[in-house]
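Visitor: Here the protein sequences line up with chains Y and A, keeping their order.
Take the working numbering: the last position of the first sequence gets the number 126, and nothing is skipped along the way.
Take the working numbering: the last position of the second sequence gets the number 646, and nothing is skipped along the way.
Note that these hints are calculated values from the structure, not bench results.
You may find that some hints are simply not true.
To be verified - Simulated crosslink set (BS3-like; lysine-lysine; CA at most 30 angstroms straight-line):
(1) Y:K114 with A:K614
(2) A:K580 with Y:K114
(3) A:K580 with A:K614
(4) A:K577 with A:K537
(5) A:K577 with A:K645
(6) A:K577 with Y:K30
(7) A:K614 with A:K645
(8) A:K577 with Y:K114
(9) Y:K114 with Y:K29
(10) Y:K69 with A:K537
Source: prediction; values computed, not measured.
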Amino acid sequence: EAQVTQNPRYLITVTGKKLTVTCSQNMNHEYMSWYRQDPGLGLRQIYYSMNVEVTDKGDVPEGYKVSRKEKRNFPLILESPSPNQTSLYFCASRLGAATNEKLFFGSGTQLSVL
Amino acid sequence: RKEVEQDPGPFNVPEGATVAFNCTYSNSASQSFFWYRQDCRKEPKLLMSVYSSGNEDGRFTAQLNRASQYISLLIRDSKLSDSATYLCVVGFNNAGNMLTFGGGTRLMVKP
Chain Y
13 EAQVTQNPRY
23 LITVTGKKLT
33 VTCSQNMNHE
43 YMSWYRQDPG
53 LGLRQIYYSM
63 NVEVTDKGDV
73 PEGYKVSRKE
83 KRNFPLILES
93 PSPNQTSLYF
103 CASRLGAATN
113 EKLFFGSGTQ
123 LSVL
Chain A
536 RKEVEQDPGP
546 FNVPEGATVA
556 FNCTYSNSAS
566 QSFFWYRQDC
576 RKEPKLLMSV
586 YSSGNEDGRF
596 TAQLNRASQY
606 ISLLIRDSKL
616 SDSATYLCVV
626 GFNNAGNMLT
636 FGGGTRLMVK
646 P
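Full structure from sequences and hints, please.
Guide: So, in structure tokens, the structure goes:
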């Protein structure tokens, strides 16, 4: 089944404790992206990647890191999480760079930073 | 001003009703337009793309007005299962090829 797999589904952590949220897609998509969703603000892009070893900042990259060593994986890293990073996170992928292609989302990660 | 604006609702309608949502966008060079559906705390799923000529998919009709920079979604004969949040999404093929999401409009269909 074609899908974007994101883990964990729920995560509670404390301020300053490094964490990684994994994202993997099995559709050979070139484009992958991370979003956070907060009430009233919609989804905002954190980072995106056009292809392996190519990553770039989205609208809200501060406090986050990503890597794209393999085409299928695009982990989101929080080196020193803070409470303002408490949010619902989604990984997404699409076949190529063009915005008119369908975007496939992972099932989301609810992160709480205490 | 937000780049993509939607009325957050909620829109409370009875089963069988027709309901319409509008969405405005600020970037006149935007090139791609979509409606996504999102159930509570779950991932957004593509409902339909929106084309300049307008398009229909069963009970759902989407229209784009480039001159006024808004898109609309019409749902006819509402079902209980249509209850969800509807996200307006606009794309611009610049260097980042980013999509901009509206905050969503919540629809609640009551028996």
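Visitor: Now look at each hint and say whether the structure bears it out.
Guide: Against the structure, the hints come out as follows:
For the suggested pair Y:K114 and A:K614, the alpha carbons sit about 25 angstroms apart, so the restraint of at most 30 angstroms is met. Proximity of A:K580 to Y:K114 is assessed by CA-CA distance (about 9 angstroms); at most 30 angstroms being required, the pair is judged to hold. Restraint check: the Cα-Cα separation between A:K580 and A:K614 comes to about 18 angstroms, which is no more than 30 angstroms; the hinted pair holds. Only pairs whose Cα atoms come within 30 angstroms are accepted, and A:K577 paired with A:K537 is accepted, the gap being roughly 24 angstroms.
Between A:K577 and A:K645 the CA atoms are separated by roughly 21 angstroms; this keeps the pair inside 30 angstroms, and the hint holds. Distance hint between A:K577 and Y:K30 is fulfilled; the C-alpha atoms sit about 25 angstroms from each other, no more than 30 angstroms. Between the alpha carbons of A:K614 and A:K645 the distance comes to roughly 8 angstroms, so the proposed pair stays at or under 30 angstroms and holds. The suggested pairing of A:K577 with Y:K114 holds, with an alpha-carbon distance near 17 angstroms, which does not exceed 30 angstroms.
Restraint check: the Cα-Cα separation between Y:K114 and Y:K29 comes to about 35 angstroms, which exceeds 30 angstroms; the hinted pair is violated. Restraint check: the Cα-Cα separation between Y:K69 and A:K537 comes to about 19 angstroms, which is no more than 30 angstroms; the hinted pair holds.
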